[in-house]
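Protein sequence lines, in the order shown, are assigned to chains A and B. Take the first sequence: its position 48, counted from the start at 1, is 238 in our numbering, and no numbers get skipped. Take the second sequence: its position 544, counted from the start at 1, is 877 in our numbering, and no numbers get skipped.
For the record, the hints were derived by calculation from the structure and aren't laboratory data. Hints are not guaranteed to be accurate.
DSSO-like cross-link-like pairs, simulated, lysine-lysine; straight-line CA separation at most 30 Å [as the list claims (entries may be wrong)]:
1) Lys716/B x Lys280/A
2) Lys342/A x Lys741/B
3) Lys716/B x Lys277/A
4) Lys716/B x Lys342/A
5) Lys617/B x Lys716/B
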Amino acid sequence: MTTPAMDFTLTRDAFGHLSLTDAAGERHDHVQVVRAFPIAAPDEGISVLSAEGHELAWITHLNQTDPATRQLIDETLAARDFMPVLKRLKSVSSFATPSTWDVDTDRGPTRFVLRGEENIRRLPDEMLMIADEHGIQYLIRHLPALDAHSRKLLDRFL
Amino acid sequence: MLTNTMATADTASTPLLPDPWHTYLQSALAPDESIEAWLTLDLDDTLRFSDSVLVLTGRQLIACATDGQIAAWPLDATFELHAHDHAGVGSLTLQDDTARRAIWRFTLTQNPAALRFSRRFDQVLDALREGREAGPVPAVLCAQCQAPLPPDEDDCPACSGSIDQPPSTWTLFRLWRFARPYKGQLLLGFLLTLAATGATLVPPYLTMPLMDNVLIPYQNGQQIDTSLVVLYLGGLLGSAVVAWGLGWARTYILALFSERIGADLRTTTYDHLLRQSLEYFGNKRTGDLMARISSETDRICVFLSLHALDFATDVLMIIMTAIILASINPWLALVTLVPLPFIAWLIHLVRDRLRTGFDKTGRVWGEITSVLADTIPGIRVVKAFAQEKRESQRFREANRVNLEANDKLNRVWSVFSPTVALLTEVGLLVVWAFGIWQVANNDITVGVLTAFLAYIGRFYGRLDSMSRIVSVTQKAAAGAKRVFDILDHASSVPEPTNPVHLKGVQGQITLANVGFRYGNRAVLRDVDLVIQPGEMVGLVGHSGSGKSTLVNLMCRFYDVSEGAIRIDGTDVRSVPVAEYRQHIGLVLQEPFLFFGTIAENIAYGRPDASRDEIVAAARAAHAHEFILRLPQGYDSLVGERGQGLSGGERQRISIARALLIDPKILILDEATSSVDTETEKEIQKALDNLVRGRTTIAIAHRLSTLRKANRLVVMDRGRIVEEGDHDTLIERGGFYWRLYEAQQRQVEGEVLTPTITPAMPSAHTAGIAAEPALK
Ligand SMILES: Nc1ncnc2c1ncn2[C@@H]1O[C@H](COP(=O)(O)OP(=O)(O)OP(=O)(O)O)[C@@H](O)[C@H]1O
Ligand SMILES: [Mg+2]
Chain A
191 MTTPAMDFTL TRDAFGHLSL TDAAGERHDH VQVVRAFPIA APDEGISVLS AEGHELAWIT
251 HLNQTDPATR QLIDETLAAR DFMPVLKRLK SVSSFATPST WDVDTDRGPT RFVLRGEENI
311 RRLPDEMLMI ADEHGIQYLI RHLPALDAHS RKLLDRFL
Chain B
334 MLTNTMATAD TASTPLLPDP WHTYLQSALA PDESIEAWLT LDLDDTLRFS DSVLVLTGRQ
394 LIACATDGQI AAWPLDATFE LHAHDHAGVG SLTLQDDTAR RAIWRFTLTQ NPAALRFSRR
454 FDQVLDALRE GREAGPVPAV LCAQCQAPLP PDEDDCPACS GSIDQPPSTW TLFRLWRFAR
514 PYKGQLLLGF LLTLAATGAT LVPPYLTMPL MDNVLIPYQN GQQIDTSLVV LYLGGLLGSA
574 VVAWGLGWAR TYILALFSER IGADLRTTTY DHLLRQSLEY FGNKRTGDLM ARISSETDRI
634 CVFLSLHALD FATDVLMIIM TAIILASINP WLALVTLVPL PFIAWLIHLV RDRLRTGFDK
694 TGRVWGEITS VLADTIPGIR VVKAFAQEKR ESQRFREANR VNLEANDKLN RVWSVFSPTV
754 ALLTEVGLLV VWAFGIWQVA NNDITVGVLT AFLAYIGRFY GRLDSMSRIV SVTQKAAAGA
814 KRVFDILDHA SSVPEPTNPV HLKGVQGQIT LANVGFRYGN RAVLRDVDLV IQPGEMVGLV
874 GHSGSGKSTL VNLMCRFYDV SEGAIRIDGT DVRSVPVAEY RQHIGLVLQE PFLFFGTIAE
934 NIAYGRPDAS RDEIVAAARA AHAHEFILRL PQGYDSLVGE RGQGLSGGER QRISIARALL
994 IDPKILILDE ATSSVDTETE KEIQKALDNL VRGRTTIAIA HRLSTLRKAN RLVVMDRGRI
1054 VEEGDHDTLI ERGGFYWRLY EAQQRQVEGE VLTPTITPAM PSAHTAGIAA EPALK
């Protein structure tokens, strides 16, 4: 697929805010870049929203952007999307909730408190989303791919 | 140098830096430099979990990384620190007037601390700009959430009670709490059990003399002593009759007792559930909650009435048998006990598996009921989109998971029982062998061996049934755990520990710096609003701007995440919830009618209201006439969710409901959104009279509804963006003006092409509509 010409440019100012200049040459400050499907398809459907929350641009796929823009978007999204992926459950404080979980994630080891079993949600394709008491969401990409120990612990809550 | 700090800053909130940060920072601080605030950051730049600290002194901002690396920014009058959060990650940005200088990130766990830090930063910088000392940290704020503490209270009403402890595993014993009121019955039941068990142990004992004194002598050529036979047989019959009578009394008493416990458990759990906040209900699935309260409590009840009783009997029986056996012949008794350790070991082996298995089946069962609870109320949508197949598939899937869980469990279980049976058979064999050997050695008589075998038959039989109880016990324990899960959940809208009682509410509502999030989603930010007693405030703004949320907070359906809401100057969190809500009349966006008559529904908030009062409230809400058109008038039954009434009719009933309690504060969330303009005007007229003297907060999309409002508050994406009366706001030409203009255009359009307004319910349609509910 050829890269279609983007009809806007993104820039970052000294304050770290993004600005978008659209095809008509109009400049929008403090724009936000968000993913439409952060879990299901992180690289597809990127939207640029104005400070008022209106959509300014839609990017069907990240690979349709030029390298500079892509880097800008990647950086912004990296600092914005926080959904640690659970790699391993080391231990749980109890099988009754609330329970403190000691885990390894793709963002390093941490621990969190699970309020109740209902905070573990099943997503399609054996994916699990676990929300801790502060609303941080941990993702398990593929349940069968976890090691046996983690699965055994987890099974007590499912 | 840190002790120095103690002297200058306020002791109550002096930040004492823990190690290793303390050590790392030594070199960066001047000897007389005091720490004003510090904050643990649990994320690094790349959003990986890693601890570091941010320290504010009177002169500089210092970031100290995990490895002790230090970066410092000498304070400058142009500095600003901005807190922001998104999707669970908070950030603090340091910038001056030309560029961003640094950004730090943390999880929301640290958010209250970060806000405190940033506030302190502002205070310090303000002082710096004015060239004075930053005063002590104001100590009246809650250290955890910045909410001002109510006078005479140490615990912050927002934070106390938020610390949970996991429930212990010996959950079944916690049922004692419910058994305590029935101590007397329980004791009586126990004594009866003891006596009944004793009575059943008499017959085998009698076989011993029967054998040794009657049968064996006869075999050896002596005459049968008839009187002895009569005596022994009489004893056998007598003990059987006594055992029957005692068994009956004990079963009856204990069954009564366990039913009572079950009922108490159920009602207590339900009561507790009702006290939970909306947040709790929002997170739970209805079906699961229903399963817990109905079937789990029932399971516990059955356990108590049947199995726990059997178990107690079995234990007694085994102990008594063991004593009797030992008293007859200790050696033989010892041999009989051989299989016991094996069985104990086996029980231990499977117990955990069974419990987790049953716990799981309980959860899966909740899932099945959840599917039902989801689909049945939503049946219209299911049918409208022809998704019956899909829903059926979902139900099938839930059942499949249930089967799977049960199959796994049954695999363990099916091995267990036969194994115990095998062990007992082997035990019996050992006793026979050992017994014959002893008889041959003339150590015991044949009678003794027969008695032993008779006892052992029972003994092992009991062991077998005891092992069966492992399963029910684990089932009940799993059920108890799920019930106690509800009971242990402290409401997130906690009752205050030292309640403040409101005397004569004026109706002034103050929102101070209110922030609120659903989970990690910040919905309200920095909302400051003072509503005077008797004032009518209209809340307007786009859909999703947080109007209903604000109202939910005012009703204390949720508690604020930051800041405070005060009524007449008292924090609402320090007022008992029920007492507070008495003063609030609420009409919701989605009106809900309970199963019952219309009169009962109107009088829901004040069941003692007289008929006249009910009618007056209905008149005021313009519900009177349509109610009269129903075949049974005020006695018409309305069903689940008010089926059989139109949306507008339901709304008017809920307005009447709110008016009847004569509240000081009236909250109307889109109260008239589903009635036609004509009816709305009429209700409006009625409301105009009624809002007089009450603090009223009205939300409406149709801006014309809010003509009478003293003040309009315009919200946008969780913030208040404009405030003032209609004319001022129109003049300003801002947000409100745009909303208004858009609606005006629409109204003009409507005049040209009249849209179909929901018709006033005619007697005919209303009659039909009411019918389903009457069946
Ligand atoms: N229970 C909830 N959990 C999570 N987010 C919620 C919940 N209720 C509302 N929200 C979100 O909070 C925001 C504000 O919702 P709110 O109901 O207060 O809007 P509103 O101003 O009353 O809108 P409307 O005019 O449509 O009634 C919305 O973005 C909504 O998605
Ligand atoms: Mg709303």
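Status of the hints after comparison with the structure:
| no. | hint | in the structure |
| --- | --- | --- |
| 1 | Lys716/B x Lys280/A | violated (46 Å) |
| 2 | Lys342/A x Lys741/B | holds (14 Å) |
| 3 | Lys716/B x Lys277/A | violated (41 Å) |
| 4 | Lys716/B x Lys342/A | violated (40 Å) |
| 5 | Lys617/B x Lys716/B | holds (25 Å) |
The structure fails to meet hints 1, 3, 4 from the earlier list, while all remaining hints are met.
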